[in-house]
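Student: Quick note: the sequence shown uses my numbering, first residue 5, plus one each step.
Since the hints were derived computationally from the structure, they do not count as laboratory data. Remember, it's a predicted structure, so these values are computed and weren't measured experimentally. Note that CB positions come from ideal geometry on N, CA and C, so glycine has one too. Please note: incorrect hints may appear among the correct ones.
Claimed, not checked - No farther apart than 30 Å at their CA atoms in a straight line, the calculated lysine-lysine pairs in the DSSO-like style are these: (1) K14 - K76; (2) K43 - K14; (3) K66 - K15; (4) K43 - K76.
Unchecked claim - The calculated label-pair distances, taken between Cβ atoms and stated as ranges, are: (5) G99 - Y51: 22 to 28 Å; (6) G34 - I61: 15 to 21 Å; (7) C119 - E42: 34 to 40 Å; (8) K14 - N35: 34 to 40 Å; (9) Y51 - E74: 37 to 43 Å.
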Amino acid sequence: MAWNYRVVKKKLTEDEDTFDICEVHYDAEGNPTSYAPEKNVLSQDSYEDLLWAYQEIAKAYKAPVLEYIEGKLVELSTCPKCGKEIVYDTMDVIGDGNEEDFGKTVLACSKSQKCGYVSIRPDYTKKK
(Lines of atoms letter the chains of each structure in order from A; the text may use other names.)
(Lines give C-alpha, C1' and ligand atoms only; values in the text may rest on other atoms or scores of the structure.)
Protein backbone atom coordinates (compact mmCIF):
# COMPACT_ATOMS: atom_id res chain seq x y z
CA MET A 5 0.00 0.00 0.00
CA ALA A 6 1.43 3.39 -1.00
CA TRP A 7 1.53 6.28 1.43
CA ASN A 8 2.95 9.76 1.85
CA TYR A 9 2.62 12.78 4.10
CA ARG A 10 -0.25 15.19 3.44
CA VAL A 11 -1.81 18.17 5.17
CA VAL A 12 -5.15 17.06 6.64
CA LYS A 13 -7.76 19.54 7.85
CA LYS A 14 -9.76 18.39 10.88
CA LYS A 15 -12.85 20.03 12.33
CA LEU A 16 -12.49 20.51 16.09
CA THR A 17 -15.69 22.46 16.66
CA GLU A 18 -18.24 24.23 14.46
CA ASP A 19 -15.95 27.30 14.34
CA GLU A 20 -12.48 25.78 14.79
CA ASP A 21 -10.30 23.69 12.48
CA THR A 22 -6.80 22.29 12.79
CA PHE A 23 -4.31 21.39 10.06
CA ASP A 24 -1.98 18.44 10.69
CA ILE A 25 0.72 16.64 8.75
CA CYS A 26 -0.43 13.01 8.61
CA GLU A 27 0.57 9.74 7.00
CA VAL A 28 -2.02 9.16 4.25
CA HIS A 29 -2.53 5.73 2.66
CA TYR A 30 -3.76 5.14 -0.92
CA ASP A 31 -5.55 2.37 -2.83
CA ALA A 32 -4.22 0.85 -6.07
CA GLU A 33 -5.77 3.70 -8.13
CA GLY A 34 -4.02 6.38 -6.05
CA ASN A 35 -7.10 7.52 -4.11
CA PRO A 36 -6.52 8.45 -0.46
CA THR A 37 -8.26 5.85 1.71
CA SER A 38 -7.08 6.38 5.29
CA TYR A 39 -4.73 8.35 7.46
CA ALA A 40 -2.94 8.07 10.81
CA PRO A 41 -4.33 11.03 12.78
CA GLU A 42 -2.49 10.36 16.05
CA LYS A 43 0.96 9.46 14.71
CA ASN A 44 3.75 11.91 15.51
CA VAL A 45 5.42 12.15 12.10
CA LEU A 46 8.43 13.93 13.59
CA SER A 47 9.28 10.96 15.81
CA GLN A 48 11.54 8.58 13.86
CA ASP A 49 13.98 5.75 14.67
CA SER A 50 17.15 7.56 13.57
CA TYR A 51 18.49 10.96 12.61
CA GLU A 52 18.57 9.87 8.95
CA ASP A 53 14.93 8.76 9.11
CA LEU A 54 13.98 12.06 10.73
CA LEU A 55 15.77 14.01 7.99
CA TRP A 56 14.02 11.90 5.33
CA ALA A 57 10.63 12.52 7.01
CA TYR A 58 11.35 16.26 7.13
CA GLN A 59 12.09 16.30 3.39
CA GLU A 60 8.96 14.26 2.62
CA ILE A 61 6.81 16.52 4.82
CA ALA A 62 7.93 19.52 2.74
CA LYS A 63 6.29 17.83 -0.28
CA ALA A 64 2.93 17.77 1.56
CA TYR A 65 2.65 21.54 1.20
CA LYS A 66 2.64 21.20 -2.60
CA ALA A 67 -0.41 18.87 -2.64
CA PRO A 68 -4.04 19.86 -2.03
CA VAL A 69 -5.19 19.77 1.59
CA LEU A 70 -7.26 16.71 2.53
CA GLU A 71 -10.27 16.76 4.85
CA TYR A 72 -11.96 13.74 6.43
CA ILE A 73 -15.62 14.23 5.48
CA GLU A 74 -18.31 11.60 6.10
CA GLY A 75 -15.79 8.76 6.28
CA LYS A 76 -13.78 9.81 3.20
CA LEU A 77 -10.61 11.80 2.64
CA VAL A 78 -11.56 14.62 0.25
CA GLU A 79 -9.18 17.02 -1.53
CA LEU A 80 -9.91 20.66 -0.81
CA SER A 81 -9.26 23.37 -3.34
CA THR A 82 -9.58 27.11 -3.81
CA CYS A 83 -12.21 28.56 -6.13
CA PRO A 84 -10.52 30.36 -9.05
CA LYS A 85 -13.50 32.70 -9.27
CA CYS A 86 -13.95 33.89 -5.66
CA GLY A 87 -10.87 32.49 -3.84
CA LYS A 88 -12.89 30.63 -1.19
CA GLU A 89 -12.27 27.03 -0.18
CA ILE A 90 -14.30 24.52 -2.21
CA VAL A 91 -14.57 20.74 -2.24
CA TYR A 92 -15.56 17.97 -4.62
CA ASP A 93 -19.26 17.47 -4.02
CA THR A 94 -22.54 16.01 -5.20
CA MET A 95 -24.93 18.12 -7.25
CA ASP A 96 -28.22 17.92 -9.14
CA VAL A 97 -26.91 17.81 -12.71
CA ILE A 98 -30.00 16.25 -14.31
CA GLY A 99 -32.38 18.76 -12.72
CA ASP A 100 -34.73 16.18 -11.20
CA GLY A 101 -34.28 17.37 -7.61
CA ASN A 102 -31.90 14.51 -6.72
CA GLU A 103 -28.20 15.08 -6.19
CA GLU A 104 -26.01 12.72 -8.20
CA ASP A 105 -22.88 11.45 -6.45
CA PHE A 106 -19.97 11.88 -8.80
CA GLY A 107 -17.40 11.23 -6.08
CA LYS A 108 -14.46 13.48 -6.80
CA THR A 109 -15.52 14.52 -10.29
CA VAL A 110 -17.52 17.70 -9.72
CA LEU A 111 -15.83 20.71 -8.13
CA ALA A 112 -18.34 23.31 -7.01
CA CYS A 113 -18.33 26.44 -4.88
CA SER A 114 -20.79 26.11 -2.00
CA LYS A 115 -24.25 27.62 -2.37
CA SER A 116 -23.57 29.98 0.54
CA GLN A 117 -20.75 31.63 -1.46
CA LYS A 118 -23.06 32.10 -4.47
CA CYS A 119 -20.28 32.65 -6.98
CA GLY A 120 -21.59 29.80 -9.16
CA TYR A 121 -18.26 28.18 -10.05
CA VAL A 122 -18.59 24.55 -11.21
CA SER A 123 -15.95 22.38 -12.88
CA ILE A 124 -15.88 18.77 -14.05
CA ARG A 125 -12.53 17.05 -13.58
CA PRO A 126 -10.91 16.69 -17.04
CA ASP A 127 -9.88 13.09 -16.39
CA TYR A 128 -13.52 12.13 -15.64
CA THR A 129 -14.51 12.53 -19.27
CA LYS A 130 -11.88 9.93 -20.26
CA LYS A 131 -13.27 7.26 -17.89
CA LYS A 132 -15.95 4.80 -18.94
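Student: I want to verify a distance hint. Is the separation of the beta carbons of G99 and Y51 within 22 to 28 Å?
Tutor: 60 Å, violated
Student: State, for the Cβ atoms of G34 and I61, whether the hinted interval 15 to 21 Å holds or is violated.
Tutor: 20 Å, holds
Student: Verify the CB-CB distance for K14 and N35 against the hinted window 34 to 40 Å.
Tutor: 19 Å, violated
Student: With a cut-off of 30 Å on the C-alpha distance, tell me whether K66 and K15 pass.
Tutor: 22 Å, holds
Student: What's the verdict on K14 and K76, does the C-alpha distance respect the 30 Å limit or exceed it?
Tutor: With a Cα-Cα distance of about 12 Å, the restraint between K14 and K76 holds, given a limit of 30 Å.
Student: Given the range 37 to 43 Å, decide if the beta-carbon distance of Y51 to E74 lies inside it.
Tutor: With Cβ atoms ~40 Å apart, the hint holds.
Student: Sort out whether K14 lies within 30 Å of K43, counting only the CA atoms.
Tutor: 14 Å, holds
Student: Starting from K43, check that the Cα of K76 is at most 30 Å away, please.
Tutor: 19 Å, holds
Student: Please test the hint of 34 to 40 Å on the beta carbon pair from C119 and E42.
Tutor: Between C119 and E42, where Cβ atoms are some 37 Å apart, the hint holds.
Of the hints listed earlier, those the structure fails to meet are numbers 5, 8, in rising order.
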